[in-house]
Amino acid sequence: EVDLEERLRELDLRSDSDVPDVPPPTDSTPEILKRALSGLSARWKNWWIRGILTLAMISVFFLIIYLGSFMLMLLVLSIQVKCYHEIITIGYRVYHSYDLPWFRSLSWYFLLCVNYFFYGETVADYFATFVQRREQLQFLIRYHRFISFALYLTGFCMFVLSLVKKHYRLQFYMFAWTHVTLLITVTQSHLVIQNLFEGMIWFLVPISSVICNDITAYIFGFFFGRTPLIKLSPKKTWEGFIGGFFSTVVFGFIFSYFLAQHQYFVCPVEYNSETNRFVTECEPSELFQMKKYSVPPLLQTVLGWETVNMYPFQMHSIALSTFASLIGPFGGFFASGFKRAFKIKDFADTIPGHGGIMDRFDCQYLMATFVHVYITSFIRGPNPSKLLKQLLILQPEQQLSVYKTLKSHLVEKGILQPSLRG
Amino acid sequence: YFLLCVNYFFYGETVTDYFFTLVQREEPLRILSKYHRFISFALYLTGFCMFVLSLVKKHYRLQFYMFGWTHVTLLIVVTQSHLIIHNLFEGMIWFIVPISCVICNDIMAYMFGFFFGRTPLIKLSPKKTWEGFIGGFFATVLFGLLLSYVMSGYRCFTCPVEFNNDTNSFTVDCEPSELFQLQEYNIPLVLQSVVGWKTVRMYPFQIHSIALSTFASLIGPFGGFFASGFKRAFKIKDFANTIPGHGGIMDRFDCQYLMATFVNVYIASFIRGPNPSKLIQQFLTLRPDQQLHIFNTLKAHLVDKGMLGSLEDA
Chain Z
1 EVDLEERLRE
11 LDLRSDSDVP
21 DVPPPTDSTP
31 EILKRALSGL
41 SARWKNWWIR
51 GILTLAMISV
61 FFLIIYLGSF
71 MLMLLVLSIQ
81 VKCYHEIITI
91 GYRVYHSYDL
101 PWFRSLSWYF
111 LLCVNYFFYG
121 ETVADYFATF
131 VQRREQLQFL
141 IRYHRFISFA
151 LYLTGFCMFV
161 LSLVKKHYRL
171 QFYMFAWTHV
181 TLLITVTQSH
191 LVIQNLFEGM
201 IWFLVPISSV
211 ICNDITAYIF
221 GFFFGRTPLI
231 KLSPKKTWEG
241 FIGGFFSTVV
251 FGFIFSYFLA
261 QHQYFVCPVE
271 YNSETNRFVT
281 ECEPSELFQM
291 KKYSVPPLLQ
301 TVLGWETVNM
311 YPFQMHSIAL
321 STFASLIGPF
331 GGFFASGFKR
341 AFKIKDFADT
351 IPGHGGIMDR
361 FDCQYLMATF
371 VHVYITSFIR
381 GPNPSKLLKQ
391 LLILQPEQQL
401 SVYKTLKSHL
411 VEKGILQPSL
421 RG
Chain C
1 YFLLCVNYFF
11 YGETVTDYFF
21 TLVQREEPLR
31 ILSKYHRFIS
41 FALYLTGFCM
51 FVLSLVKKHY
61 RLQFYMFGWT
71 HVTLLIVVTQ
81 SHLIIHNLFE
91 GMIWFIVPIS
101 CVICNDIMAY
111 MFGFFFGRTP
121 LIKLSPKKTW
131 EGFIGGFFAT
141 VLFGLLLSYV
151 MSGYRCFTCP
161 VEFNNDTNSF
171 TVDCEPSELF
181 QLQEYNIPLV
191 LQSVVGWKTV
201 RMYPFQIHSI
211 ALSTFASLIG
221 PFGGFFASGF
231 KRAFKIKDFA
241 NTIPGHGGIM
251 DRFDCQYLMA
261 TFVNVYIASF
271 IRGPNPSKLI
281 QQFLTLRPDQ
291 QLHIFNTLKA
301 HLVDKGMLGS
311 LEDA
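Those sequence lines, one after another, are chains Z and C. Just so you know, the numbering used here puts 327 at position 327 of the first sequence, and the rest follows in order with no gaps. Just so you know, the numbering used here puts 63 at position 63 of the second sequence, and the rest follows in order with no gaps.
In case anyone wonders, no lab produced these hints; they're calculated from the structure. Glycine included, C-beta positions come from ideal geometry on N, C-alpha and C. Treat the hints with care, as some may be off.
The following residues of chain C were derived to be distant from chain Z, with all beta-carbon distances above 12 Å [claimed, not checked]:
id, residue
1, Q63
2, T73
3, C159
4, R201
5, T261
So, partial list: chain C residues that the calculated Cβ filter (under 8 Å) puts toward chain Z [unchecked claim]:
id, residue
6, Y8
7, F64
8, G68
9, H71
10, L147
11, Y149
12, A211
13, F222
14, R252
15, A268
16, F283
17, Q291
18, F295
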């Protein structure tokens, strides 16, 4: 114990009580709400504010879904930037490092670099036809990795040159903090966008399942909660956890049923270069065509049906909802631990009654990666647009030989009619 | 545990491509390969959940610091090592030349600094001087040119590493690519009077080696400065004392990590394109309608370029 204390003192990391207490967040509730609720006690006031803001956020979400994929992409991007900003600001506060030379600019610069790299790798594939027509864009795409790496290196060298004698350790901490934050926020947001391009349903169902789990676990905990779940979050209970799990699976199942019927949600997003907009139109894949399933004998007596008509996607939704309910909360516990470690009540006070954007999205980040890994492992093979892009950068002779191989394969499979001449 | 997970993920992603036929033959390997990402993610998640469950009241901050430290270290150490292995598979020359250039730069900069050093380079490393930096640069470029010339002549260095299924061993046997075939280059007029030759026979690879040596001399040292800053920040003299007189393994490799990424990005951007046989493999796993779409786009592209005459009909 003594040895640990000495080591900690050396590294300037005394006991947790040494972190300066962050000043209580300012109250950002709009005046109008304050007046409307002035008669209620503090507890109910908080409840109402939370409730109203929840409805407001959900409505905004629906509106953006209606507006289409491009707006959704912008929404994801702005959430990513705000989350990044919140976490970095916490780092500054913890280390009193607002005045570090260049550090804020460097953090934003790295955010820009990493976003540039990811957008170039993923989104550019979808704009392949658009890009082919413009010379400068073609150059940027061909040497994309090299350009991104050069941009990152510039930032790295600036960091090294900015090291100041008395602040080395602080600067290294902030450098690492920046990189871990980038890893968490930027990669997740790009996986979310990739899921979105598979079809809006792959974006909506996971996110809604996490939100549903949050809300139903809270409700079950409120009414039936008795056994605490984990020391880290004293308000969570086993009853809430299990009740939330079953409700979320049922919700996901029903929600998928409704979404699976509309092409708007089910089709992969494509960019139409003639009309210059995103379109979602296609022949729905097998996943979204009704099938007859035999009900297992066990459930037959309970439900009274012998067969049931379902979309195959609904089976997948069970997997997604299960993950959202069982593993998603670990993201929330991680964030709770983080807040306790750095003695903050909320990540920020952007949303009245809820805290910062990060507070709303802490359970989501594991979900995004899971859905992406799930899709690539079980649903579809490699990305056709990426494959096409790589084919188009081959040497002409290689392209010709690949063309011949593909042609013979397609003819063999009967997908292509053999040519009548030549 | 996290080190194991990340290594498992990377080895699965990269090395299985090279062992493709071997993997396809053995049933358990085939399944592991097909669901590789899912398995890796599940392994990682287990570690993540264990971390959350291990959080202890008075030590939250310390635990988060160590979690962050672990991840940044994994990012630096493991990704670089896998990029090096990627480079190695391109051909041993892509592994040996960059590493030798960094070592040469270290030594040459030290010697030039020792004999001619006067103007300090950067406050972070008071022993480095501008004379050492510049002298090291020119010496390394020259060294790179000479080393590449010698190595380009041998197949065992220039051929991509392949796994031979019949003999179950790695082979380096191939028709040397254009990069490793001697070509005549015209010497620019300026140098003609100096050197006295009109043309010179060089391997195209030697031109690339200039780019590699330049990076090793100009940007590589920043990796060293980063490590010096790190050691100063945490008040350590050396990373460890594994090697007598030199310090730890990290002390020897601090300049190398940027180099590995650079070589990998360089190869991907300027040397080779994607591997056609790999693309065909990926094509075969697509759905028929996707295959048809790609085929038609490729066809339109080839017709556009004039590579397909009108003899070919749909």
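Checked hints:
{"no.": "1", "hint": "Q63", "in the structure": "violated, 7 Å"}
{"no.": "2", "hint": "T73", "in the structure": "violated, 9 Å"}
{"no.": "3", "hint": "C159", "in the structure": "holds, 19 Å"}
{"no.": "4", "hint": "R201", "in the structure": "holds, 25 Å"}
{"no.": "5", "hint": "T261", "in the structure": "violated, 7 Å"}
{"no.": "6", "hint": "Y8", "in the structure": "violated, 14 Å"}
{"no.": "7", "hint": "F64", "in the structure": "holds, 5 Å"}
{"no.": "8", "hint": "G68", "in the structure": "holds, 5 Å"}
{"no.": "9", "hint": "H71", "in the structure": "holds, 6 Å"}
{"no.": "10", "hint": "L147", "in the structure": "violated, 24 Å"}
{"no.": "11", "hint": "Y149", "in the structure": "violated, 26 Å"}
{"no.": "12", "hint": "A211", "in the structure": "violated, 11 Å"}
{"no.": "13", "hint": "F222", "in the structure": "holds, 5 Å"}
{"no.": "14", "hint": "R252", "in the structure": "violated, 19 Å"}
{"no.": "15", "hint": "A268", "in the structure": "holds, 6 Å"}
{"no.": "16", "hint": "F283", "in the structure": "holds, 6 Å"}
{"no.": "17", "hint": "Q291", "in the structure": "holds, 6 Å"}
{"no.": "18", "hint": "F295", "in the structure": "holds, 5 Å"}
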